[in-house]
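Please put together the full structure from these sequences, using the hints given.
Here the protein sequences come in this chain order: A and B. First residue of the first sequence: 8, per our numbering; consecutive thereafter. First residue of the second sequence: 10, per our numbering; consecutive thereafter.
The reader is advised that the hints may include incorrect statements.
[Unchecked claim] Here are some chain B residues pointing at chain A (derived, C-beta under 7 Å): (1) PRO85; (2) ILE92; (3) GLY112; (4) PHE304.
[As the list claims (entries may be wrong)] Every beta carbon over 10 Å from chain A, so not counted as near; a handful from chain B, in silico: (5) SER11; (6) SER21; (7) GLY48; (8) PRO84; (9) LYS87; (10) TYR134; (11) ALA155; (12) ARG255; (13) ALA260; (14) GLU283; (15) THR288; (16) SER348.
[Stated by the list, open to error] With the Cβ distance kept under 10 Å, some of the chain A side facing chain B (calculated, not the full set): (17) ARG174; (18) GLN176; (19) ALA182; (20) LEU183; (21) MET185; (22) ARG186; (23) GLN189; (24) PRO205; (25) LEU246.
Bear in mind the hints are in silico, worked out from the structure with no lab data behind them. Note that the Cβ used here is the ideal one computed from N, Cα and C, for glycine as well.
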Amino acid sequence: MSASVLFDDLGPRGRRNVRIGSGVGGLFVLGLIVLGLQRMAANGQLEADRWAIVFDPRTGVPQSLGRALIVTLQAAGAAMLFATLLGAILAFGRLSDHAALRVPVSVVVEFFRAIPLVILILFLFLGARPVLGLDLPRFWTLVLGLVLYNMAVLCEIIRAGILSIDRGQSEAAYALGMRKSQVLVSILLPQAVRRMLPALVSQLVVLLKDTSLGFIIAYPELLQQARNIINFFGSQYSLQLYVAAAGIYIIVNFLLSTIAHQLEKRVNRSGRIAAGATVIAGANEDQTLAAVARDNG
Amino acid sequence: MSELVVQALRKSFGPTEVLAGIDLTVPSGSLAAVLGPSGCGKTTLLRIVAGFERPDDGAVELAGRTVASRSVDLPPEKRRIGIVPQEGALFPHLSVDRNVGYGLRRGADRGRVAEVLELVGLAGYGDRMPHELSGGQQQRVAVARALAPRPSLILLDEPFSSLDTGLRAEVRADVRAALSADGATAVLVTHDQEEALSTADLVAVMRAGRMVQAASPRGLYLAPADLGVANFVGDTVLLDGTLSGRCAVTALGALAVRAPMPAGSAVRVVVRPEQLVLTADGDGVSARVRDQVFFGHDALVHLELSDGAVVTARSLDAAWAQPGLDVRLAVRGEVTCFSSQ
Numbered sequence: 008m009s010a011s012v013l014f015d016d017l018g019p020r021g022r023r024n025v026r027i028g029s030g031v032g033g034l035f036v037l038g039l040i041v042l043g044l045q046r047m048a049a050n051g052q053l054e055a056d057r058w059a060i061v062f063d064p065r066t067g068v069p070q071s072l073g074r075a076l077i078v079t080l081q082a083a084g085a086a087m088l089f090a091t092l093l094g095a096i097l098a099f100g101r102l103s104d105h106a107a108l109r110v111p112v113s114v115v116v117e118f119f120r121a122i123p124l125v126i127l128i129l130f131l132f133l134g135a136r137p138v139l140g141l142d143l144p145r146f147w148t149l150v151l152g153l154v155l156y157n158m159a160v161l162c163e164i165i166r167a168g169i170l171s172i173d174r175g176q177s178e179a180a181y182a183l184g185m186r187k188s189q190v191l192v193s194i195l196l197p198q199a200v201r202r203m204l205p206a207l208v209s210q211l212v213v214l215l216k217d218t219s220l221g222f223i224i225a226y227p228e229l230l231q232q233a234r235n236i237i238n239f240f241g242s243q244y245s246l247q248l249y250v251a252a253a254g255i256y257i258i259v260n261f262l263l264s265t266i267a268h269q270l271e272k273r274v275n276r277s278g279r280i281a282a283g284a285t286v287i288a289g290a291n292e293d294q295t296l297a298a299v300a301r302d303n304g
Numbered sequence: 010m011s012e013l014v015v016q017a018l019r020k021s022f023g024p025t026e027v028l029a030g031i032d033l034t035v036p037s038g039s040l041a042a043v044l045g046p047s048g049c050g051k052t053t054l055l056r057i058v059a060g061f062e063r064p065d066d067g068a069v070e071l072a073g074r075t076v077a078s079r080s081v082d083l084p085p086e087k088r089r090i091g092i093v094p095q096e097g098a099l100f101p102h103l104s105v106d107r108n109v110g111y112g113l114r115r116g117a118d119r120g121r122v123a124e125v126l127e128l129v130g131l132a133g134y135g136d137r138m139p140h141e142l143s144g145g146q147q148q149r150v151a152v153a154r155a156l157a158p159r160p161s162l163i164l165l166d167e168p169f170s171s172l173d174t175g176l177r178a179e180v181r182a183d184v185r186a187a188l189s190a191d192g193a194t195a196v197l198v199t200h201d202q203e204e205a206l207s208t209a210d211l212v213a214v215m216r217a218g219r220m221v222q223a224a225s226p227r228g229l230y231l232a233p234a235d236l237g238v239a240n241f242v243g244d245t246v247l248l249d250g251t252l253s254g255r256c257a258v259t260a261l262g263a264l265a266v267r268a269p270m271p272a273g274s275a276v277r278v279v280v281r282p283e284q285l286v287l288t289a290d291g292d293g294v295s296a297r298v299r300d301q302v303f304f305g306h307d308a309l310v311h312l313e314l315s316d317g318a319v320v321t322a323r324s325l326d327a328a329w330a331q332p333g334l335d336v337r338l339a340v341r342g343e344v345t346c347f348s349s350q
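Below, the structure is given as structure tokens:
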């Protein structure tokens, strides 16, 4: 983040205080880590054969985690696709001039945004058959829960992105004889996507992490699979397997963020940069979106 | 024919009356400038004509069709109006060609894109992206984009205000030429009197939501409707005087008055600085040079009259008029008077 208008740069004394604070804080954290490792070593948690189970193919654990990763990615991929599509459609609905469309869409969005995801998934799992008369497999139960919640969040991100585009853009397009839907698709959305990409990606990362809620309905995703393996091999391997599952999440999400970052750089490089004035006008919204992204991430 | 007629237009935002009954007629094919200080309502007028705001009362008629009134509200996309906004508002993700061609129907004559780009002096720039263009070029593209679908009317909202002074005059002249070459009817909104006078066929001065005067640039400058307009459209020298026949008697002598007024009345006399002729020993009253401000193309000389009043003369060659020098000061041409009451 470059120099902000809201905060003065620190003077020499301020910088010194920050350095001292960082040093003390760093030492404290380091101390905690050392302490933790000591305790783990005392309990035998750091012994090589405890960790070997995660890496040794003869145990079947790596294969099992690999399958769980694929199953997780399947659910996440399907949920991302549908949530983004529905989110975009809902965003268009919320931006409609017609109250008959705007109001119900707003109600739906606010409803699903407010419900905790766990409750949504549990309801779909327990209530789908008796209440809705649906026979949902576990996969679709999880995907549907993720889609319903995330489409509402993504709707708001997309709507904010579209609203952040300078009014002059849509007015210029209207004056050229374009209908609202044409302006939305050909002028506003392409620019909004560029601007909201960081917020969009961080929400998709959240979605990927939330697939772990599949364990409450015994969907064999990473977390559930790790629990199954622990049940099979015994609880002395709990730490190792949870760490392995967390490690896989971290790697996958890191890859996702990296891909998004590359994509963002390419979009910027290919010259799709708003004219100077538009960028300045949108700067605040950019920061808002970035803040949303940080909060969610 | 694409005449624009605005009748008795009113618009309030909450308790603030922004337009208090505006009338304006722009003949087909001409360029009108709406001139006024910021906050006078000129941009609101433009937005109502474009269809982005609804008027509270009054009507907008374009090419013989009512597009806005109490009962009619044609959406902007159906008004056949081209807009050139302040910062151009080019679509940043589309090339120049696609920006300009955006308003043309699919399968329409693509030659029109090249034609209007040629018109604004940007032939061959079609493949560039907007951010690869300079500010002046972006404004030219914005004009080409507005012209392309052959709209009935083009609205320009302070389109040159973001450009450097030198560039501004050049882009202005080219845009003016492009508009008239295409036979477009246009309304230019500006707070820059020089821009209005040099670009438009008709200048309409707005003040506090009212149309004060609409006239040709020359008519406006030479015969302003009131003191406010006189001050707004150019530099003035203000003198008190008394009318006597077709002359106003002032500290600068008896000056010929343009429009007759009742004799004997006390008046404020408006003289333009370039009407004051400075000589070493010619005609006129005597005055003493105080100082001068040099602009390159000319200079403003401040002079003190015998009664202590200070007047300003614009002079092309004033190098000799050193401070403290006694000179002669005469008035060339007719002056404008307003009643003192």
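Right, here's what the structure says about each hint:
{"no.": "1", "hint": "PRO85", "verdict": "holds (4 Å)"}
{"no.": "2", "hint": "ILE92", "verdict": "holds (4 Å)"}
{"no.": "3", "hint": "GLY112", "verdict": "holds (3 Å)"}
{"no.": "4", "hint": "PHE304", "verdict": "violated (31 Å)"}
{"no.": "5", "hint": "SER11", "verdict": "holds (15 Å)"}
{"no.": "6", "hint": "SER21", "verdict": "holds (21 Å)"}
{"no.": "7", "hint": "GLY48", "verdict": "holds (19 Å)"}
{"no.": "8", "hint": "PRO84", "verdict": "violated (8 Å)"}
{"no.": "9", "hint": "LYS87", "verdict": "violated (8 Å)"}
{"no.": "10", "hint": "TYR134", "verdict": "holds (14 Å)"}
{"no.": "11", "hint": "ALA155", "verdict": "violated (7 Å)"}
{"no.": "12", "hint": "ARG255", "verdict": "holds (51 Å)"}
{"no.": "13", "hint": "ALA260", "verdict": "holds (49 Å)"}
{"no.": "14", "hint": "GLU283", "verdict": "holds (37 Å)"}
{"no.": "15", "hint": "THR288", "verdict": "holds (50 Å)"}
{"no.": "16", "hint": "SER348", "verdict": "holds (44 Å)"}
{"no.": "17", "hint": "ARG174", "verdict": "holds (9 Å)"}
{"no.": "18", "hint": "GLN176", "verdict": "holds (5 Å)"}
{"no.": "19", "hint": "ALA182", "verdict": "holds (4 Å)"}
{"no.": "20", "hint": "LEU183", "verdict": "holds (3 Å)"}
{"no.": "21", "hint": "MET185", "verdict": "holds (6 Å)"}
{"no.": "22", "hint": "ARG186", "verdict": "holds (6 Å)"}
{"no.": "23", "hint": "GLN189", "verdict": "holds (9 Å)"}
{"no.": "24", "hint": "PRO205", "verdict": "violated (18 Å)"}
{"no.": "25", "hint": "LEU246", "verdict": "violated (50 Å)"}
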